[in-house]
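Respectively, the protein sequence lines represent chains A and B.
Letter 74 of the first sequence, counting from 1, is numbered 74 in full-length UniProt numbering, and no numbers are missing.
Letter 206 of the second sequence, counting from 1, is numbered 206 in full-length UniProt numbering, and no numbers are missing.
Quick caveat, the hints were computed from the structure, so don't treat them as lab data.
Predicted, not measured: the structure shown is a model, and the values here were computed from it.
Every residue, glycine too, gets a C-beta built ideally from N, C-alpha and C.
Treat each hint with caution, since some may be false.
As the list claims (entries may be wrong) - If you only want the chain A side, here are some residues facing chain B, beta carbon under 8 Å, derived: (1) W69; (2) V73; (3) F79; (4) L81; (5) C118; (6) V119; (7) A120; (8) L123; (9) R125; (10) Y126; (11) M129; (12) I162.
What the hints assert, rightly or not - Per the computed footprint, the stretches of chain A lying under chain B, defined by three or more beta-carbons under 8 Å from a beta-carbon of chain B, are: (13) 40 to 46; (14) 85 to 91; (15) 94 to 104.
Stated by the list, open to error - Here are the computed distance ranges between Cβ atoms for each label pair: (16) B:G117 x A:Q85: 33 to 43 Å; (17) A:L12 x B:V31: 35 to 45 Å; (18) B:W9 x A:I110: 29 to 39 Å; (19) A:L16 x B:R45: 32 to 42 Å; (20) B:P49 x A:L182: 24 to 34 Å; (21) B:V39 x A:G6: 35 to 45 Å; (22) A:R212 x B:D4: 30 to 40 Å; (23) A:S42 x B:I201: 41 to 51 Å; (24) A:T52 x B:P13: 49 to 59 Å; (25) B:W9 x A:A45: 48 to 58 Å; (26) B:G117 x A:L16: 47 to 57 Å; (27) A:Q13 x B:A121: 35 to 45 Å; (28) A:V190 x B:R213: 21 to 31 Å.
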Amino acid sequence: MIDWSGYLGLILQGALVTVQLTVMGCALALVMAFLAGLGRLSHYAAVRWLATAYIEFFRGTSIFVQLFWAYFVLPLLGFDLTSMQAGVLALGLNVGAYGAEAVRGAVQSIGREQFEACVAVNLSRYQTMRHVILPQAVILMLPTFGNNAIELLKATAIVSLISLSDMTFQAQVVRAQTGNTLIPFATILVLYFAMAMTISAGMRWLERRLTRGLDGVRS
Amino acid sequence: MEWDWQFVWQIMPTLLEGFKITIIATLLGSVLAAIVGMVFAVLRRSPNPYVARPVGLVAEFIRGTPLLVQLYFLFYVLPSAGILLSPLVAGVIGLGLHYGTYTAEVYRGGIDNVPRGQWEAAKACNLNPVQTWVHVIMPQAIPPMIPALANYFIAMFKETPLLSAITVLELMNQARSIANTNYRYIEPMTMVGVFFLTVSIVSVFGLRWLERRYGRVER
Numbered sequence: 001m002i003d004w005s006g007y008l009g010l011i012l013q014g015a016l017v018t019v020q021l022t023v024m025g026c027a028l029a030l031v032m033a034f035l036a037g038l039g040r041l042s043h044y045a046a047v048r049w050l051a052t053a054y055i056e057f058f059r060g061t062s063i064f065v066q067l068f069w070a071y072f073v074l075p076l077l078g079f080d081l082t083s084m085q086a087g088v089l090a091l092g093l094n095v096g097a098y099g100a101e102a103v104r105g106a107v108q109s110i111g112r113e114q115f116e117a118c119v120a121v122n123l124s125r126y127q128t129m130r131h132v133i134l135p136q137a138v139i140l141m142l143p144t145f146g147n148n149a150i151e152l153l154k155a156t157a158i159v160s161l162i163s164l165s166d167m168t169f170q171a172q173v174v175r176a177q178t179g180n181t182l183i184p185f186a187t188i189l190v191l192y193f194a195m196a197m198t199i200s201a202g203m204r205w206l207e208r209r210l211t212r213g214l215d216g217v218r219s
Numbered sequence: 001m002e003w004d005w006q007f008v009w010q011i012m013p014t015l016l017e018g019f020k021i022t023i024i025a026t027l028l029g030s031v032l033a034a035i036v037g038m039v040f041a042v043l044r045r046s047p048n049p050y051v052a053r054p055v056g057l058v059a060e061f062i063r064g065t066p067l068l069v070q071l072y073f074l075f076y077v078l079p080s081a082g083i084l085l086s087p088l089v090a091g092v093i094g095l096g097l098h099y100g101t102y103t104a105e106v107y108r109g110g111i112d113n114v115p116r117g118q119w120e121a122a123k124a125c126n127l128n129p130v131q132t133w134v135h136v137i138m139p140q141a142i143p144p145m146i147p148a149l150a151n152y153f154i155a156m157f158k159e160t161p162l163l164s165a166i167t168v169l170e171l172m173n174q175a176r177s178i179a180n181t182n183y184r185y186i187e188p189m190t191m192v193g194v195f196f197l198t199v200s201i202v203s204v205f206g207l208r209w210l211e212r213r214y215g216r217v218e219r
């Protein structure tokens with residue numbers, strides 16, 4: 001009989017790495033999403049162009065390729081990254097590119113009259129964004145951000161292929177050591193699903209929180 | 001390390017070989033996803049809650065867990081239950097099932113857009129459920145959702161490198177074996193990125209054409 005408690009500990013260690021990757025990746029993705037999403041709406045053509053190039057590049061090439069490139073090629077160009085750093089970088093930049101489109105879409109869906117009102121009360125462009133547009137737009141972005149966060153969580157599984165010991169990697173270790181395939185993989189599938197459910201529950205809570213008191217104000 | 005064009009041309013035939021497998025996996029996966037999505041969508045609308053609920057739960061579970069782990073599950077766990085799948089077949093089934101849960105949502109939207117009158121007319125003409133679906137609902141529901149389906153097939157194409165983890169010799173796997181035997185990562189990894197970017201850019205134009213032909217797509 002195999003003693004599963006030790007192996008479960010191994011998988012839980014991996015779960016911690018997966019959570020870390022997800023949290024840090026989401027943080028980077030959030031920053032990149034706002035930078036690139038607002039960059040695409042900039043008055044300066046160069047900024048717009050740069051943001052578009054970033055978005056198209058990271059959406060066009062596979063996350064898998066980006067991860068391998070960050071891990072194997074960047075060191076040759078003089079950037080030494082640990083597998084954790086490469087993972088966070090690739091995940092954050094990739095999902096950030098998808099998030100940027102959500103940011104742009106949400107800002108553009110805010111009515112023209114809001115922008116005109118800001119001009120009328122002589123707000124600077126920064127003030128317009130910060131105090132008028134973004135508070136309304138963020139609510140519209142939340143559902144998409146929730147989906148993106150779950151996509152990022154699922155994408156963390158591939159870092160196991162650059163030998164970062166996340167949940168999937170540990171499941172492979174357990175498989176190699178015990179010869180049992182069903183239990184490790186079924187366990188991590190359930191754990192991943194539980195994490196995904198946690199994210200979507202958290203997002204729903206955040207959405208309720210931010211829309212509180214706005215009933216009837218929004219169309 | 002320097003970029004070596006000669007090496008690029010030298011490895012090109014091997015990469016193209018892998019690219020062929022990538023395309024085959026994408027096409028077969030797309031066909032499967034289109035079928036699985038339709039089945040999921042129709043079953044979820046079943047008036048019998050004992051059918052609709054479990055199907056909904058299964059779809060949710062597949063969508064909430066990483067494709068990589070699902071591939072491992074198909075490739076490593078099923079053989080112990082006596083089901084032996086070749087790597088490519090396991091990969092296609094994995095892609096098809098995973099993206100089937102996404103296309104199911106597209107089908108759901110398409111089916112919801114068929115006016116109620118059509119259902120009532122089908123009932124008035126005394127069509128049975130199969131006839132209603134095959135002759136009335138699907139022919140009207142499918143054309144408007146073709147661009148959205150194509151969008152998911154492109155997303156699937158970008159996930160095919162995951163098949164390399166279950167030993168399918170597709171583009172990424174070929175590039176990795178080249179890199180490992182020659183100790184040169186820059187050219188193979190970058191060329192894989194170039195392949196993906198090229199196909200993505202071409203597919204963006206294809207998608208625009210589909211949108212013009214069949215209607216808007218939500219991205």
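Okay, the hints, checked on the actual structure:
| no. | hint | result |
| --- | --- | --- |
| 1 | W69 | holds (5 Å) |
| 2 | V73 | holds (5 Å) |
| 3 | F79 | violated (13 Å) |
| 4 | L81 | violated (13 Å) |
| 5 | C118 | violated (28 Å) |
| 6 | V119 | violated (30 Å) |
| 7 | A120 | violated (33 Å) |
| 8 | L123 | violated (31 Å) |
| 9 | R125 | violated (27 Å) |
| 10 | Y126 | violated (28 Å) |
| 11 | M129 | violated (23 Å) |
| 12 | I162 | violated (11 Å) |
| 13 | 40 to 46 | violated (count 0) |
| 14 | 85 to 91 | violated (count 0) |
| 15 | 94 to 104 | violated (count 1) |
| 16 | B:G117 x A:Q85: 33 to 43 Å | violated (58 Å) |
| 17 | A:L12 x B:V31: 35 to 45 Å | holds (39 Å) |
| 18 | B:W9 x A:I110: 29 to 39 Å | violated (51 Å) |
| 19 | A:L16 x B:R45: 32 to 42 Å | holds (40 Å) |
| 20 | B:P49 x A:L182: 24 to 34 Å | holds (30 Å) |
| 21 | B:V39 x A:G6: 35 to 45 Å | holds (41 Å) |
| 22 | A:R212 x B:D4: 30 to 40 Å | violated (60 Å) |
| 23 | A:S42 x B:I201: 41 to 51 Å | violated (23 Å) |
| 24 | A:T52 x B:P13: 49 to 59 Å | violated (34 Å) |
| 25 | B:W9 x A:A45: 48 to 58 Å | violated (37 Å) |
| 26 | B:G117 x A:L16: 47 to 57 Å | holds (55 Å) |
| 27 | A:Q13 x B:A121: 35 to 45 Å | violated (60 Å) |
| 28 | A:V190 x B:R213: 21 to 31 Å | violated (43 Å) |
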